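Colleague: Chain by chain, the residues:
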Amino acid sequence: MAYIEIKHLTKDYKKERGIFDISLEIEKGEVYGFVGINGAGKTTTIRHLMGFIKPDEGSVTIKGLDATKSSAEVKRYVSYIPGEINFPGNTSGEEFLKEQIYLSGRGSWNRAKELSELFQLDISANVHAMSKGMKQKTAIVSALASDADILIMDEPTTGLDPLMRDIFIDLLKEEQEKGKTIFMSSHIFQEVEEICDRVAVIQKGKIIEIVDIKKIRYNKNKVYRMEFKSEADFKRFIGLGYQISKVKMEDLQVFVEIHDEQINELIQTLKDFDLVYFKEIKAHFEDYIAQVFKEEK
Amino acid sequence: MISKPIFKQSLQSNWKLWLIITIVASTILSGFIISYDAAGHASIAEAAEGTAFSNILSSLTSLLGSLENFYKLIAVILGIVYVVFTANNLVVNEVDSGSMAYTLSTPIKRSSVIFTKSLYLILSVVLMYIVISIAGLAASQFTFNNVTGYAITDDVSAAAETLNHEEDYLSERLYLIQEDENAMRVAAIARDMDTEAYEIYLEDVIRERSYEETAEIITDERWDIYEDDEDMGDEDIEITAEELMEDPEMILNSNDALAAGARIYGVSINDYREIITDEIENMDTEETTKENEEAQETEENSESDAVEESTTLQRQLTEDNAELLLQTVIVSSATALNISSDQISDNLTLLKDPEALALSTQTTGLNEEQIRSMANHAMVSSARSVDKALEFDSETYLWLSLGLLLLILAMSSISFFASTLFNRTGMALAIGGGLPFAFFLVTMIQQLMDSADGLEYLTITTLFDTDAILSGGEFGWGFVVLGSIAVVLYTASNILFTKKDLPL
Numbered sequence: 000m001a002y003i004e005i006k007h008l009t010k011d012y013k014k015e016r017g018i019f020d021i022s023l024e025i026e027k028g029e030v031y032g033f034v035g036i037n038g039a040g041k042t043t044t045i046r047h048l049m050g051f052i053k054p055d056e057g058s059v060t061i062k063g064l065d066a067t068k069s070s071a072e073v074k075r076y077v078s079y080i081p082g083e084i085n086f087p088g089n090t091s092g093e094e095f096l097k098e099q100i101y102l103s104g105r106g107s108w109n110r111a112k113e114l115s116e117l118f119q120l121d122i123s124a125n126v127h128a129m130s131k132g133m134k135q136k137t138a139i140v141s142a143l144a145s146d147a148d149i150l151i152m153d154e155p156t157t158g159l160d161p162l163m164r165d166i167f168i169d170l171l172k173e174e175q176e177k178g179k180t181i182f183m184s185s186h187i188f189q190e191v192e193e194i195c196d197r198v199a200v201i202q203k204g205k206i207i208e209i210v211d212i213k214k215i216r217y218n219k220n221k222v223y224r225m226e227f228k229s230e231a232d233f234k235r236f237i238g239l240g241y242q243i244s245k246v247k248m249e250d251l252q253v254f255v256e257i258h259d260e261q262i263n264e265l266i267q268t269l270k271d272f273d274l275v276y277f278k279e280i281k282a283h284f285e286d287y288i289a290q291v292f293k294e295e296k
Numbered sequence: 000m001i002s003k004p005i006f007k008q009s010l011q012s013n014w015k016l017w018l019i020i021t022i023v024a025s026t027i028l029s030g031f032i033i034s035y036d037a038a039g040h041a042s043i044a045e046a047a048e049g050t051a052f053s054n055i056l057s058s059l060t061s062l063l064g065s066l067e068n069f070y071k072l073i074a075v076i077l078g079i080v081y082v083v084f085t086a087n088n089l090v091v092n093e094v095d096s097g098s099m100a101y102t103l104s105t106p107i108k109r110s111s112v113i114f115t116k117s118l119y120l121i122l123s124v125v126l127m128y129i130v131i132s133i134a135g136l137a138a139s140q141f142t143f144n145n146v147t148g149y150a151i152t153d154d155v156s157a158a159a160e161t162l163n164h165e166e167d168y169l170s171e172r173l174y175l176i177q178e179d180e181n182a183m184r185v186a187a188i189a190r191d192m193d194t195e196a197y198e199i200y201l202e203d204v205i206r207e208r209s210y211e212e213t214a215e216i217i218t219d220e221r222w223d224i225y226e227d228d229e230d231m232g233d234e235d236i237e238i239t240a241e242e243l244m245e246d247p248e249m250i251l252n253s254n255d256a257l258a259a260g261a262r263i264y265g266v267s268i269n270d271y272r273e274i275i276t277d278e279i280e281n282m283d284t285e286e287t288t289k290e291n292e293e294a295q296e297t298e299e300n301s302e303s304d305a306v307e308e309s310t311t312l313q314r315q316l317t318e319d320n321a322e323l324l325l326q327t328v329i330v331s332s333a334t335a336l337n338i339s340s341d342q343i344s345d346n347l348t349l350l351k352d353p354e355a356l357a358l359s360t361q362t363t364g365l366n367e368e369q370i371r372s373m374a375n376h377a378m379v380s381s382a383r384s385v386d387k388a389l390e391f392d393s394e395t396y397l398w399l400s401l402g403l404l405l406l407i408l409a410m411s412s413i414s415f416f417a418s419t420l421f422n423r424t425g426m427a428l429a430i431g432g433g434l435p436f437a438f439f440l441v442t443m444i445q446q447l448m449d450s451a452d453g454l455e456y457l458t459i460t461t462l463f464d465t466d467a468i469l470s471g472g473e474f475g476w477g478f479v480v481l482g483s484i485a486v487v488l489y490t491a492s493n494i495l496f497t498k499k500d501l502p503l
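Here the protein sequences come in this chain order: A and B.
Using numbering that gives the first Met the number 0, the letters of the first sequence map in sequence onto residues 0 to 296.
Using numbering that gives the first Met the number 0, the letters of the second sequence map in sequence onto residues 0 to 503.
If you're looking for bench data, these hints aren't it; they were derived computationally from the structure.
These numbers come from a predicted model, not from an experiment.
Be aware that a few hints might be false.
Claimed, not checked - Coverage of chain B stretches by chain A, computed from C-beta distances (three or more under 8 Å per stretch; other residues unrestricted):
#1 102-110
#2 205-213
#3 238-252
Said to hold, decoys possible - Computed footprint of chain B on chain A, listed as stretches where at least three residues anywhere in the stretch have a Cβ under 8 Å from a Cβ of chain B:
#4 51-59
#5 69-76
#6 85-92
#7 252-263
To be verified - Here are the computed distance ranges between Cβ atoms for each label pair:
#8 ASN89/A - LEU72/B: 26 to 34 Å
#9 THR490/B - GLU56/A: 48 to 56 Å
#10 LEU440/B - SER107/A: 53 to 61 Å
#11 ASP146/A - THR490/B: 49 to 57 Å
#12 SER130/A - VAL486/B: 38 to 46 Å
#13 SER107/A - VAL486/B: 40 to 48 Å
#14 ASN68/B - GLU56/A: 51 to 59 Å
Where is the CB? At the ideal position from N, CA and C, for every residue including glycine.
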């Protein structure tokens with residue numbers, strides 16, 4: 000049985016809003032991304048994981064426990080960063096962090112202090128006086144310091160500047176190495192690609208694609224872009240029969256798609272040509288998703 | 000079931016409003032009590048006696064009656080402000096802002112979260128009204144000394160100074176004033192009476208107190224005897240001071256009652272027993288003289304009309320014409336002394352002025368002795384109404400406080416229910432605040448217009464019937480309904496919140 004198992008989850012808010020028949024399996028130690036544009040149903044799905052809302056149909060089980068019925072017990076293993084962050088009470092960040100460690104019964108204050116320093120977070124500020132970025136950092140510190148087996152995060156990088164975002168991504172990689180299971184939603188495909196093992200793509204409440212990032216990252220089919228000096232060379236190359244994905248006639252540029260095994264052969268061939276440049280075009284998840292969305296429409 | 004951290008958190012974010020409202024309400028109640036003008040209220044009530052207003056004003060004749068506006072309006076609106084904002088803060092605000100997500104992302108059950116929060120609201124309301132009630136008690140005690148003992152009136156204060164006693168010590172031992180001529184004089188002046196009237200007044204007070212205290216003791220004794228007797232209802236067991244006055248023999252059978260009565264008179268038990276025996280004898284003779292008089296009257300009628308002349312000259316003072324005669328006497332005295340009749344009313348001793356007496360006897364046909372006794376009677380009864388106005392009825396106060404508490408708890412349950420039902424603060428405020436406030440407005444209109452028929456069905460404040468509590472009417476069912484509203488809505492809130500979808 001999967002560590003987190005979402006089965007035929009349906010919550011119909013009518014007028015085509017909601018989530019419909021979502022099924023996902025997240026394995027222990029996996030970093031699972033959940034992407035989609037705003038309003039696609041990411042938050043609704045996550046609320047089901049947290050037991051905040053009850054499904055119309057289907058179920059969510061976390062570590063074998065029903066996330067709806069045994070919601071409180073599930074929280075023993077789960078740490079959460081909500082999409083919209085506001086802290087309870089009227090206390091300082093420090094008190095909030097301590098309280099959260101006390102309430103959840105796990106995590107360490109030392110780790111929280113360490114993380115706060117890492118994020119350059121002033122935890123003496125009152126939680127209501129915090130800026131959006133500060134709140135986000137506090138929420139991240141709280142989640143990471145809690146040392147939970149499972150991290151569920153709803154767009155955790157919103158409000159972070161690029162530097163802090165990188166620190167956060169690095170920390171997530173550390174957590175992954177520790178064997179934590181991470182489920183995070185995002186609408187920024189780049190960051191998902193950077194850390195996730197698998198990504199589910201949701202659109203209009205339905206899962207339209209589950210992508211294995213490793214397959215994109217370690218794809219053996221690569222695209223190379225090259226520009227020829229003369230039109231004669233350009234035309235001659237096209238005539239050679241390589242798989243050409245794109246041609247830019249006016250710049251004398253060619254995009255060639257080949258398998259890694261063919262790379263030597265290509266280089267040998269190119270010895271006879273006069274090139275301006277030659278470079279590999281890296282495949283991005285973003286391009287891939289753009290492709291998927293285009294097809295769906 | 001209860002989560003301590005959540006309770007602590009609720010306390011941290013809500014204690015300020017609690018403190019402010021509690022202080023404001025306590026201050027207003029104390030202010031009402033301290034500034035209570037017993038003489039003023041007594042004179043209004045006296046003036047209205049027998050008129051159509053007497054019913055409306057009857058509640059005004061006591062200290063607690065004067066607090067009706069506090070219990071009907073001020074305490075209610077302050078309570079509403081507290082419960083509406085606190086109920087909102089506790090639940091819907093946390094849901095709407097999303098901070099509830101943090102509370103619920105810990106292994107605390109939802110049912111425990113909502114139970115703790117409802118408990119916080121209930122306990123804070125209960126504590127608030129206990130504090131307010133105690134503040135009222137304290138204000139009354141410090142101002143009038145009428146909670147733990149007898150109210151300290153002006154005469155007691157004046158005499159205490161003369162006799163060099165503590166005021167409350169003396170208020171329990173009025174006979175000490177009787178024993179000292181000097182004290183009698185200053186005390187009489189302090190109450191706008193002459194020594195003659197004051198002496199009657201003091202005797203009257205001592206006599207009544209002795210009956211009250213003995214009645215209480217006898218009632219207690221009867222409780223012990225008849226408690227398990229099913230034939231005896233509470234009413235049958237209880238002996239009131241009035242019942243005892245009609246039949247003082249019961250006192251003679253109880254040593255404790257005799258001791259208590261003797262203490263009031265400041266005499267030995269044997270002397271007190273004699274006082275009671277005398278009173279019983281007097282009652283017997285009064286009855287026989289009455290019978291004799293009636294017999295005489297019939298004889299007189301059958302006799303010649305010669306006697307009639309003297310009876311017309313010698314006007315009889317009866318209950319029916321007393322009020323009218325008193326007014327005539329006051330007007331004549333005012334003319335004789337050349338001052339306004341209001342001044343006379345303020346200081347009835349002027350009726351005994353020789354010039355005033357002369358004119359009064361002329362106009363009314365009463366003799367001097369009758370006018371003197373009429374003046375005394377008027378002074379004593381007005382002083383007695385002031386005493387009555389100053390009495391603090393602890394039982395009524397308890398019911399008023401409890402009724403208010405139940406009303407606010409019912410209001411709080413409405414706010415709390417709205418706070419758990421809605422996910423948006425605005426909506427919860429509109430319903431959970433709007434409804435209690437609408438109830439308050441209806442009550443205010445009711446208080447402003449006396450003939451607001453049908454309005455009482457529009458508000459739950461009707462269930463807290465201050466009029467019935469003050470006049471000793473039936474009010475228990477209202478309390479039961481208020482309590483039920485609170486129980487039902489708090490229970491519904493708990494179930495609802497445990498099951499609902501939360502947008503966190």
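Colleague: Under the constraints set out in the numbered hints, which ones does this structure not fulfil?
Modeller: The structure conflicts with hints 2, 3, 7, 9 and 11, although it agrees with all the remaining ones.
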